[in-house]
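Participant: Residue numbers (our numbering), protein chains in the order written: chain A, 4 to 184; chain B, 42 to 266.
Rather than coming from a laboratory, the hints here were simulated on the basis of the structure.
Owing to the predicted nature of the structure, the values given are computational and were not obtained by experimental measurement.
A hint or two may mislead.
As the list claims (entries may be wrong) - Straight-line Cα separation of at most 27 Å, DSSO-like style, residue types lysine-lysine; simulated pairs:
#1 98/A - 33/A
#2 219/B - 98/A
#3 219/B - 144/A
#4 98/A - 147/A
#5 128/B - 98/A
#6 153/B - 74/A
#7 74/A - 219/B
#8 153/B - 56/A
#9 153/B - 98/A
#10 128/B - 56/A
#11 117/B - 219/B
Claimed, not checked - Derived coverage of chain A by chain B (criterion: at least 3 residues anywhere in the stretch with Cβ under 8 Å from a Cβ of chain B; other residues may be distant):
#12 108-122
#13 130-136
Even glycine gets a Cβ: it sits at the ideal position worked out from N, Cα and C.
Each chain is listed here by its residues.
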Amino acid sequence: MNFRAMTMASVLIAAIAPQAASAAPAEAVKEDAATIRIPAPPAGKGQIVFYRKGGIGGSAVACSVFEGGTKVSSLGGGRYFIVVAEPGRHEYAVKTEATDRLALEVESDETQFASCKIKMGIMVGRPDIRPATEADFRAAKSLKLVDSDDMGEGALRPEQIAAALAASGTPAAPAAAAPAQ
Amino acid sequence: MPKNYCGWLAGTFVLLAPPAFAIDPAPPVPASVPAQPAAIPTAPNPAPRADGDIRIPALTEVRLEILSDLGSKISKTGELFPIRLAKPIVIDGAERVPAGAEGQGEVVWAKKSGGSGASGELVLAARWLLVDGRHLRLRSMHLSPVGEDKYKTVETINIATAATVPAVALIGFFITGKQTLVARGTVAGARTAEEFTLGGGSGEQQVKTGDGKTPEPNQAEGIIK
């Protein structure tokens with residue numbers, strides 16, 4: 004290959020590479036929980052941020068969150084996800100070898116928080132889901148958005164979060180906008 | 042279910058568990074009002090009405106007093122409890138609804154503390170106040186206290202006993218977190234869920250919810266489903 008051909012090939016690769024990278028699904032990156040940007044829920048709806056702190060305890064077990072038998076999302080250690088919900092009472096269940104439940108009153112145009120923890124169990128850890136506050140969430144140090152592959156019905160995908168943030172005039176959150184690495 | 046395991050283990054390992062760990066006599070923890078969630082909408086300024094009626098805008102802040110003891114151990118999901126307006130509702134500088142108006146709240150979720158260090162949980166919601174003989178619907182109370190958990194205690198015991206007598210780690214099942222308690226007299230904030238016209242009890246008024254929709258008839262009347 005002569006010098007001219009090599010130069011053209013380099014230019015071609017340089018032109019294509021960014022497009023290929025942007026076409027790949029965005030991978031969640033670890034963020035400081037204190038600065039994670041949560042979009043406002045759609046008008047007339049509420050939303051819940053489910054999160055689980057990182058740590059050694061139960062790290063091999065995911066808190067799988069269900070509503071009415073439908074999986075909303077898995078929730079590994081150091082992860083979070085957002086689910087938009089109609090105002091009213093919603094009951095969520097988390098399952099491993101045992102099941103725990105939590106009901107929350109979703110209010111329109113508001114964001115609520117719930118945390119999951121894996122506690123001691125017989126064969127595997129048992130999940131414990133409970134109400135939390137935004138202060139609890141912000142104190143969780145670093146968190147990552149749950150990967151899209153692990154989300155079920157209702158959990159906001161990274162692109163949906165980015166779009167909601169853009170619509171509200173807030174810059175896209177790193178977890179939603181970061182290119183594949 | 043945790044209770045089944047605990048019952049089975051209590052029968053099997055009762056001799057292993059020192060009395061100090063059999064039951065944690067932790068006292069209930071008084072509730073603290075958690076921080077308000079993000080993105081709480083605010084009440085719009087009341088627009089003057091040509092007909093002279095006074096209206097309370099949707100999302101007006103109210104202070105409510107809880108009139109009964111509530112707790113993760115003593116309350117049940119779905120239970121109703123009495124509330125009272127702790128501070129008058131003031132519109133345009135004038136007191137429109139005096140303190141003392143009575144109403145009702147609901148226990149949305151109550152769960153006793155459990156084994157392995159799990160704490161008690163309580164999620165409460167304000168439903169309505171009786172104003173002008175009608176129900177003024179409420180929302181956004183956000184009183185969801187959680188007792189102190191004992192996860193760290195359980196984990197410490199597990200780590201400490203893993204290399205010596207692993208069976209002793211099972212006492213972690215009998216360590217419970219603390220219950221949570223909202224004492225009678227606790228004052229919490231909430232908001233009105235809909236626009237409410239004072240003196241307009243003829244049933245002909247237009248009522249709108251906080252999200253701008255016209256509510257179902259039973260919602261406008263404040264009936265709990």
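Participant: For each hint, tell me whether it holds in the structure or not.
Facilitator: Do the hints match the structure? See the list:
no. : hint          : in the structure
1   : 98/A - 33/A   : holds (25 Å)
2   : 219/B - 98/A  : holds (23 Å)
3   : 219/B - 144/A : holds (25 Å)
4   : 98/A - 147/A  : holds (21 Å)
5   : 128/B - 98/A  : violated (43 Å)
6   : 153/B - 74/A  : holds (25 Å)
7   : 74/A - 219/B  : violated (30 Å)
8   : 153/B - 56/A  : holds (23 Å)
9   : 153/B - 98/A  : holds (18 Å)
10  : 128/B - 56/A  : violated (39 Å)
11  : 117/B - 219/B : holds (17 Å)
12  : 108-122       : holds (count 10)
13  : 130-136       : holds (count 5)
Hint check: violations occur at hints 5, 7 and 10; the rest are consistent with the structure.
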